[in-house]
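Enquirer: Here is what each chain is made of, one letter per residue.
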Amino acid sequence: MSTSLRILSDMLKGVIVSHATLAGALVAAVKEITGDDGELAAVSNTGESPEGLCAAVRAAVGSEPAVVFVDMPGSSCLHATLREFRARDDVAIVAGVNLAMLLDFVFHRELTPEEAAARAISAAERSIRTVHV
Amino acid sequence: MSIVLTRIDDRLIHGQVVVGWVQALNAKRIVLIDDEVRGNKWEQDLYALGVPGGVEVVFMSVSEAIEAVTEMNGDAIRTVFLIANVETARRLCDGTDIITHVNVGGLHDGNGRSERLSYVYLSDDEAALLLQIRDGGVEVTAQDVPTAKAVALEHWA
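Quick mapping for you: the protein sequence lines, in order, are chains A and B. Take -13 as the starting number for the first sequence in the working numbering and just add one per residue. Take 241 as the starting number for the second sequence in the working numbering and just add one per residue.
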């Protein structure tokens, strides 16, 4: 029992930082598809000052290894995340979150942050395509 | 008149600005006016991440902006001025009469501020400074995104 708990606690945490309610909706979608929220947390920038958003992201990530997914490059979400974690090598940051990358992430949380981020990006890229019927 | 927007927004370059205003105004240059950012290369690189292709970004101190504003307003490059706080806007407006309109687009809670609009929080001192800017002949309105209606200072300061 204690071994199982230790392994679970060693797994990566995922934090989504977005405009409006996108982050929460993505967590809900992951849960609907997988039956598990995969230790994903959502942070919204709505109503947050730059300092307030930094504090919210910091609290959501905590002190354990994590991957932070932000909605778009150049947003206040990315600014806050970079300000908070530029000095931490156990936090990987991915811009341009989508559902496919989160679904890959929740099943590969045993990897290092960099490995999990690279996998997630690859999954996201493969998911974007023109579909012909 | 190449300066198409002068905006106070504590997030400076971010989604509403680059996706909303820059595209709506067809701006080709963003001038971020802030003494602290002007002296911090890491912060400049951070803000430059959000600038779309085809748009130039320039970082200036307030004094540099005052010196350059006439030339920038006279060239053909449609330009957005971004400022993080009311005091910086006051210093800029005190140094030039080229700025005729200031848009307040986002000032968040904290530092003794109270809510004036859902996206504008001001301390009493900041409200007084904005009134001072207006009394100097500058139109001051609040408007978060281009599709919203501009609200005159009298209604919220």
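Among these hints, one or two may not hold up.
Which residues of chain B face chain A? A few of them, derived with a C-beta cut under 8 angstroms, are [as the list claims (entries may be wrong)]:
1) Ser242
2) Asp250
3) Val258
4) Leu286
5) Leu289
6) Gly290
7) Gly293
8) His348
9) Asp349
10) Gly350
11) Leu371
12) Arg374
13) Val378
Keep in mind that the hints were calculated from the coordinates and are not lab data. For clarity, every value in this text was computed on a predicted model and none was experimentally measured. Ideal Cβ positions, reconstructed from N, Cα and C, are used throughout, including at glycine.
Enquirer: Hint by hint, note whether the structure agrees.
Expert: Cross-check of the supplied hints:
A least Cβ separation of about 23 angstroms between serine 242(B) and chain A goes past the 8 angstroms threshold, and the interface hint is therefore violated. Against a cut-off of 8 angstroms between C-beta atoms, the interface hint on aspartate 250(B) holds, since the closest Cβ of chain A lies about 6 angstroms away. This hint holds: valine 258(B) has a C-beta 6 angstroms from the nearest C-beta of chain A, less than the 8 angstroms allowed. Proximity of leucine 286(B) to chain A holds as hinted, the smallest CB-CB distance being about 6 angstroms (cut-off 8 angstroms).
Here the hint on leucine 289(B) is kept, as its CB sits about 5 angstroms from the closest CB of chain A, short of 8 angstroms. Because the smallest distance between the Cβ of glycine 290(B) and any Cβ of chain A comes to about 2 angstroms, under 8 angstroms, the interface hint for this residue holds. The beta carbon of glycine 293(B) is not positioned within 8 angstroms of any beta carbon in chain A (closest approach about 11 angstroms), and the interface hint is therefore violated. A cut of 8 angstroms between beta carbons decides the hint on histidine 348(B): the least distance to chain A is about 3 angstroms, and the hint holds.
The restraint placing aspartate 349(B) at the interface with chain A holds, with a minimum CB-CB distance near 6 angstroms, inside the 8 angstroms limit. For the restraint placing glycine 350(B) at the interface with chain A, the shortest Cβ-Cβ distance is roughly 5 angstroms, inside the 8 angstroms limit, so the hint holds. Below 8 angstroms, beta-carbon pairs count as interface contacts, and leucine 371(B) has none with chain A, the closest being about 23 angstroms; its hint is therefore violated. A least Cβ separation of about 24 angstroms between arginine 374(B) and chain A goes past the 8 angstroms threshold, and the interface hint is therefore violated.
Against a cut-off of 8 angstroms between C-beta atoms, the interface hint on valine 378(B) is violated, since the closest Cβ of chain A lies about 25 angstroms away.
Checked against the numbered hints given earlier, the structure breaks hints 1, 7, 11, 12 and 13 and satisfies all the rest.
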